[in-house]
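Protein chains: 6
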Amino acid sequence: MAKKVITFGEIMLRLAPEGYYRFVQAESLGATYGGGEANVAVSLANYGMDAAFVTKVPKHEIGQCAVNSLRRYGVDTSYMVRGGNRLGIYFLEKGASQRPSKVIYDRAGSSMAEATTADFNWDEIFEGADWFHFTGITPALGDNVAAVCLEACKAAKAKNITVSCDLNYRNKLWSKEKAGQVMGQLCEYVDVCIANEEDASDVFGIKAAGTDVTSGKLNHDGYKDVAKQLADRFGFQKVAITLRESISANDNMWAAMLYDGNDYYFSKKYPMHIVDRVGGGDSFGGGLIYSCLTGFEPQQTIEFAVAASCLKHSIEGDFNQVSVDEVMKLAGGDGSGRVQR
Amino acid sequence: MAKKVITFGEIMLRLAPEGYYRFVQAESLGATYGGGEANVAVSLANYGMDAAFVTKVPKHEIGQCAVNSLRRYGVDTSYMVRGGNRLGIYFLEKGASQRPSKVIYDRAGSSMAEATTADFNWDEIFEGADWFHFTGITPALGDNVAAVCLEACKAAKAKNITVSCDLNYRNKLWSKEKAGQVMGQLCEYVDVCIANEEDASDVFGIKAAGTDVTSGKLNHDGYKDVAKQLADRFGFQKVAITLRESISANDNMWAAMLYDGNDYYFSKKYPMHIVDRVGGGDSFGGGLIYSCLTGFEPQQTIEFAVAASCLKHSIEGDFNQVSVDEVMKLAGGDGSGRVQR
Amino acid sequence: MAKKVITFGEIMLRLAPEGYYRFVQAESLGATYGGGEANVAVSLANYGMDAAFVTKVPKHEIGQCAVNSLRRYGVDTSYMVRGGNRLGIYFLEKGASQRPSKVIYDRAGSSMAEATTADFNWDEIFEGADWFHFTGITPALGDNVAAVCLEACKAAKAKNITVSCDLNYRNKLWSKEKAGQVMGQLCEYVDVCIANEEDASDVFGIKAAGTDVTSGKLNHDGYKDVAKQLADRFGFQKVAITLRESISANDNMWAAMLYDGNDYYFSKKYPMHIVDRVGGGDSFGGGLIYSCLTGFEPQQTIEFAVAASCLKHSIEGDFNQVSVDEVMKLAGGDGSGRVQR
Amino acid sequence: MAKKVITFGEIMLRLAPEGYYRFVQAESLGATYGGGEANVAVSLANYGMDAAFVTKVPKHEIGQCAVNSLRRYGVDTSYMVRGGNRLGIYFLEKGASQRPSKVIYDRAGSSMAEATTADFNWDEIFEGADWFHFTGITPALGDNVAAVCLEACKAAKAKNITVSCDLNYRNKLWSKEKAGQVMGQLCEYVDVCIANEEDASDVFGIKAAGTDVTSGKLNHDGYKDVAKQLADRFGFQKVAITLRESISANDNMWAAMLYDGNDYYFSKKYPMHIVDRVGGGDSFGGGLIYSCLTGFEPQQTIEFAVAASCLKHSIEGDFNQVSVDEVMKLAGGDGSGRVQR
Amino acid sequence: MAKKVITFGEIMLRLAPEGYYRFVQAESLGATYGGGEANVAVSLANYGMDAAFVTKVPKHEIGQCAVNSLRRYGVDTSYMVRGGNRLGIYFLEKGASQRPSKVIYDRAGSSMAEATTADFNWDEIFEGADWFHFTGITPALGDNVAAVCLEACKAAKAKNITVSCDLNYRNKLWSKEKAGQVMGQLCEYVDVCIANEEDASDVFGIKAAGTDVTSGKLNHDGYKDVAKQLADRFGFQKVAITLRESISANDNMWAAMLYDGNDYYFSKKYPMHIVDRVGGGDSFGGGLIYSCLTGFEPQQTIEFAVAASCLKHSIEGDFNQVSVDEVMKLAGGDGSGRVQR
Amino acid sequence: MAKKVITFGEIMLRLAPEGYYRFVQAESLGATYGGGEANVAVSLANYGMDAAFVTKVPKHEIGQCAVNSLRRYGVDTSYMVRGGNRLGIYFLEKGASQRPSKVIYDRAGSSMAEATTADFNWDEIFEGADWFHFTGITPALGDNVAAVCLEACKAAKAKNITVSCDLNYRNKLWSKEKAGQVMGQLCEYVDVCIANEEDASDVFGIKAAGTDVTSGKLNHDGYKDVAKQLADRFGFQKVAITLRESISANDNMWAAMLYDGNDYYFSKKYPMHIVDRVGGGDSFGGGLIYSCLTGFEPQQTIEFAVAASCLKHSIEGDFNQVSVDEVMKLAGGDGSGRVQR
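Note that the protein sequences, when read in sequence, are chains A, B, C, D, E and F.
Going by UniProt numbering, the first sequence opens with residue 1, and the numbers climb by one from there.
Going by UniProt numbering, the second sequence opens with residue 1, and the numbers climb by one from there.
Going by UniProt numbering, the third sequence opens with residue 1, and the numbers climb by one from there.
Going by UniProt numbering, the fourth sequence opens with residue 1, and the numbers climb by one from there.
Going by UniProt numbering, the fifth sequence opens with residue 1, and the numbers climb by one from there.
Going by UniProt numbering, the sixth sequence opens with residue 1, and the numbers climb by one from there.
Treat each hint with caution, since some may be false.
It does not matter which identical chain is meant; a pair holds if it fits inside one copy or across any two.
As the list claims (entries may be wrong) - Straight-line Cα separation of at most 25 Å, DMTMM-like style, residue types lysine to aspartate or glutamate; simulated pairs:
#1 K4 x E127
#2 K102 x D251
#3 K4 x D50
#4 K329 x E188
#5 K172 x E114
#6 K329 x E198
#7 K102 x D325
#8 K59 x E18
#9 K3 x E198
#10 K268 x E245
#11 K154 x D123
#12 K59 x D334
#13 K59 x E326
#14 K172 x E61
#15 K228 x E188
#16 K102 x D276
#17 K102 x E245
#18 K176 x D76
#19 K102 x E18
#20 K172 x D325
#21 K329 x E245
#22 K269 x E245
No wet-lab data here; the hints were simulated from the structure.
Build out the structure end to end from the sequences listed, making use of the hints.
Written out as structure tokens, the structure reads:
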């Protein structure tokens, strides 16, 4: 029987000019839907898991479009609450070469940002669930939503459900101080932590020496150190850190490291020609949860998660549209891109 | 020298599925910009007038797109204020046959909705101006914006600038009671009033017997009565009432009436096959202002305004993209649509 | 609790040039999915019912796209079988004015056309179901599929599930003789029969005098007669007949009649400006099933079904994307198409 | 063996905004190719005739695109000459309702406008030909091209090839006086003349009383008179006159009359909902030539030509994409637009 | 006078999502046409040769589209047979970075797959021909089609027409054993053989040591060995082997080797940034045939063929849209991609 | 107060197939507007300068579209003259990998090419201006336009306005001899000269040893020599030379050198993955003028100009759509392309 995973967060309307057009040139905008935890849910549904996404969306058609975008890929939307005033929006301009991608958020006042603990019945939602996932973006939406997160974490722990969190710091949503305080409280309930070095530093002030994220150079020992500090402080069973080297908006190197409390497992490193970078980290989370629930060995776990997210970078939209077979094939070594007939 | 017209209100990002697709089917959304008073400004710029639009938009690229959409057609945007958090949005689904068009507003918290009197220097804005126009939507955005409207009206009157107002009642924005109170105060400063029968009834409780807007039947005597009541109560020099008969989402009849305090002038009635109905009323306002500033006779005035807005219904987007020549030709009687080579 | 409806048939990839382009002009083809019974399932899911669609699709991505197209709108796809070689295809060219729409079928050898009784476990499928629906297209796919239909009908009857059938004769799939023989057998199990006059004549040789479908003239007494003959021969509880008058590819009149064994109920007649005519009959079936399961009175039943299908003609694609509220509003008399803000 | 028809004229790049967008709104332009005589050649190739189009196009890729647009539909392009500087262009904006379609020509200096008698070997071109067709647009391109026309007409006559001419007056290209003089000379060689009332009046000053083309009213007796005057003056064997009533840019009535020197044959009149009106007259010419070469009776001839051109109005682009069967079906009376499966 | 080349095989409808969209994301599919031998014919027509493509397509409009796609580029389609039930289809999803392109074939039951020797009169087809080309895909369609191939080969030999064959093994169509048996018989008539290392191994079990196609490493000595074995076994005059190194779905290295029975000629190697990889091998075949018929020296022959196919990888669709001049310029050393004004 | 810059030249309609499609494949063409000096004006307006573009365009809608394309981005179009017959056109096919981009000009007979000194009142235009810019393309349009250039240069000098010129040799427009003669005269008035090595050689016969532009190798000493020769011959205050290394149509290296009469300043060199290469040189000119008018130091000047034009290569269309902040950020060293949220 398929494992059941619950993810909780905001899903937004994503509006993006076609191709490499800039905002000021666009006469139409691609309209898709996404958000950290929703993206993870789609990844898992595509792997055949029983993934449910929990959020609050407005009752009108735009809210319904967000629901449909998830149903289309098999995500269970029966716990999604209807109400509130609007669906959060983000505008995305795809970068190229030296020109970076640009995101403009328009999410204030969204149904999810105004959700409260009264909106969700976690006992019912967690019935039969194996895993609960959220990211640092969700509690950043406001104290009301952080309170929902806390309630969810407690309910999950009470049912012995594994809890994972992607730190995902967003400086437009809250200060580092506030983030550190709120996330510190939530991390008490977290078993598996996902981060990149910036997150650990921004949220908890945990730094690794010798790494400058804009320089593109990475320091493996530093990452080990960050992972260990995180695990030691919060008692995480696992810490996974993604390693991105940004050569240009088109070309990135991608790898990751897993710390299981004992050892450090570094994945292969992939040179990626990027189609769409947004949701890259979420697809890593999806791969990691799948691997853990499937019982992969640590090295296999990190290879699967990295291969999955490497493939995501070749796919338009927030969602990772790949199967277990496709990830396995890449993790197994075939990145030649030869036509499959 | 071209006459100078100032219009004041909100400009929004309009997001609409292509053709007759419903919201739930759309994978991309046409992204244009519009709003009652902005639409009037574009009409006037297209007629060769010196039209300036006053509003407040956020500093980011989406706000800039709104500015550019107006500059493109020659509207003076130098009085537009930058600041605030977001650009208002409206989603538009085009109806067909018995299925009505649908508008979903997402305008709360917009830069304009949070603008205050401190944002605008009306003495500077009205320097050399001949006309000031706003609609009932603008004060409905909030007491703060109503206060700006009042200040603008007073400044206009102090400079002997003609003031026009399109009542344009929006029940999603305020109650009839509130509308009646605020608009009543503003109408003291208005010289030219534009309305449809519903507006007069919704805002001021002024009704004409025997007309049911959903039945598609119109009552000319009733309209005369409404116009006279409006003029008598507020001292309007002119009252123009648009007469729409809705046969289906594709087919409407369109006409209007002008009351100049003495006589009632009914325009020709046009059977319209609709391309885009939004902005139809605004294009009437633009035609009316042009006619008045150009010194047309009353019958010519109403014929020009109706022909202009009839043409608008054949044009995609909020803006009326027609020249004086094109309007004159239709007002002069050629609605045969024969190819012009 | 929502009523549960099972529909059974083929879902195809629909490939259609954009707008009014002819096949020989098309450089791209809109790719949607549809088929008589799938369309009914989407209608019902959009009305909030628990609708499941049963079919067989190939295991590859194109088959998955068909599944996703239904999941997106909330149809239960858990009974869809994977296997076989291909997804049936139909090419659709939209007509205009005097030029008719054109359909080219490419469905031979499809997974569904080669499905057998071994593929479906009707006892499981019908667990908790209230209604079973199929059309005359499904048994026409081949003797193997007709055998599945028969098995399904028997299983439905054994569980006291209401069975409806839309006769839907397709001369490309089978002869009138064959159709009459197979459908005659299946109709023994049918409670609610949907047809147009051509169907009754083509399948069962039941004719009404004085009607020529290409002339656009309809004969109400003839329709009564056809309905009564059908009910008398097969013991149908209800017979619904759709009445289409084709003025041109763009303009049709649309109405229907319901016979409940006692009386004949004629709906209002709608003049339709057509956006997409395909799936019009299926949307009538969806409206009828909803009405019956909701317990509407006969006149309300036929008005709902006709209003629902009238709206379908204004919507792109096979699926009817309307809510109960929208249908109710039109059935209640507002076909003016005025903008809803 | 298929009849061989030679047509001679200019083919242009047609640049048109999508749908009903105005020029000033367009960010992309549909790029197709067309021109009076090229359109006739495509009509005939689609009917299975051996149609060759003669012109001169530049050697670059845009010229090649024009060649390819004709080859694609089976037109023989082996007599097309390469050279000169540019391909003529016309910009087309599609009208709607009361807003007329608009054509902007940018054809000066085209390869064809600068072609001379040295470019064409008519003896070779006419080898085995049955019919030669040109329009009044071609000699209007300049004295050099008029000289080529004259040479072609003489060569055709020398080989007993039937010559047809569509008068097609274009006031942007030449004056009425010049047109009358040049066309008068060419018409000496013409057997079959095609015109609308405006053409006869503009080119030869031949008028029918009581017809006002912008009023939409037609006067049948007047048309008879015009046809007879034309035949009497130039000795035409046949004169065909198209009868368009323009209700709006979307809706036209369409019919025609044939005079064979003895009798007047009026076709049925079709109410058309227009998809693309450009090339409507050319498709009439194509239908007429097909009918004549096939040996249809006069009434059948005019019905075929009118049905063919009625269908053209439902098709995007200059070319008439219909088969003989489709035309026959409409001419035979089925204009109901019912789906063909 | 242009050389005449006959190619024989299947042409399919190619349906591909735009850009890098996956199948499950696509709402429309680009509709083009292609197939190994059709692609070669277009290459040759674009080089100015007299290329005819022989196949069987259904009589309906989709079949006609395939004909038109070839006529558009000047291929002689007069030997194409009409009949049968359907046009074969292939679905193509373009890969990116580590994600491979994916092809789903839906070609069973196509008109061509059911063609028989009765459909083709090779004596007539080969009248005046200089070259006959087919690929291993064609006999793989079925014994009936293999029989046609054999008949064609014999007829070609009887007229001293050069015969070329691209081995092109497709494991979805037949087993290696079957392929070896049928192709072995056909190769008796072949003068020029085109292959990649996989083909030689798959079809005839001829292997070169030390090459792993998924590793991207190539072994030049191995290729020499394969070519010699092929020539020795079947008496080929020339064997050409393409050498692809797949770095990713976006980046490939491309080169080839020609063996003329005496010497081995290796081309330059091109690093390619891929726009569309499908048809790459066919464009090599087209370049090779052109070179041979033009009488190029061996080194020039292989350089032309490789440069031609290098350019193909920069072009959308199956067909190679390049001129002799463009190929010559690249073969001559200018691969800098500088703008040509 | 913003600096005022006047640029003078031709603006053309740019027609380009989408993505990497070749001309012969295109069914629609993106329609944007551009031209050397217009592109510079947009660059400067985007930097917040008061930029006016001077030219002549036809009175019709296509001419208006060119005006609107500039107004949209804030360029002052009040000095644009209306008249003449047509807007110049250029067709652009985007290259990929080894396939070069291709430009077909269709600009003969344009309104601008036929403009005369009577069309422009330079005293009025230069009122309050700080800088005047033109390119070598403008005088190449004809002696009449060269005369306007000369008049403009003289008027600028009389007002102490800085004059810049980008040599920009176009061999389709004039011979090297003619160019040398006319440009030599104009350069007497020029203060700042922009060139690439080819320009200096083509126009003035000034060559640097050891550089072969198609080989992709650059010789820095040679460039110094060219700059010095140019400055010595014409007395330029500054000479800026762009250094492009063309690896393929997708990948270029980009840098530049500034000579200020004393020293040579080489910029960083950027590896660019190209989105649209057209307008690259113009964006360099825009960056250079901004830097000079802002008073940047020489090294900062060349870094800003190169970073600005590097970013241009990542943007669709002729215009450089970047802000001062974006250029500064890249010039300051962040080319990592990391997402900006």
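TODO: Against the earlier hints, flag every one the structure doesn't satisfy and list their numbers going up.
DONE: 4, 9, 18
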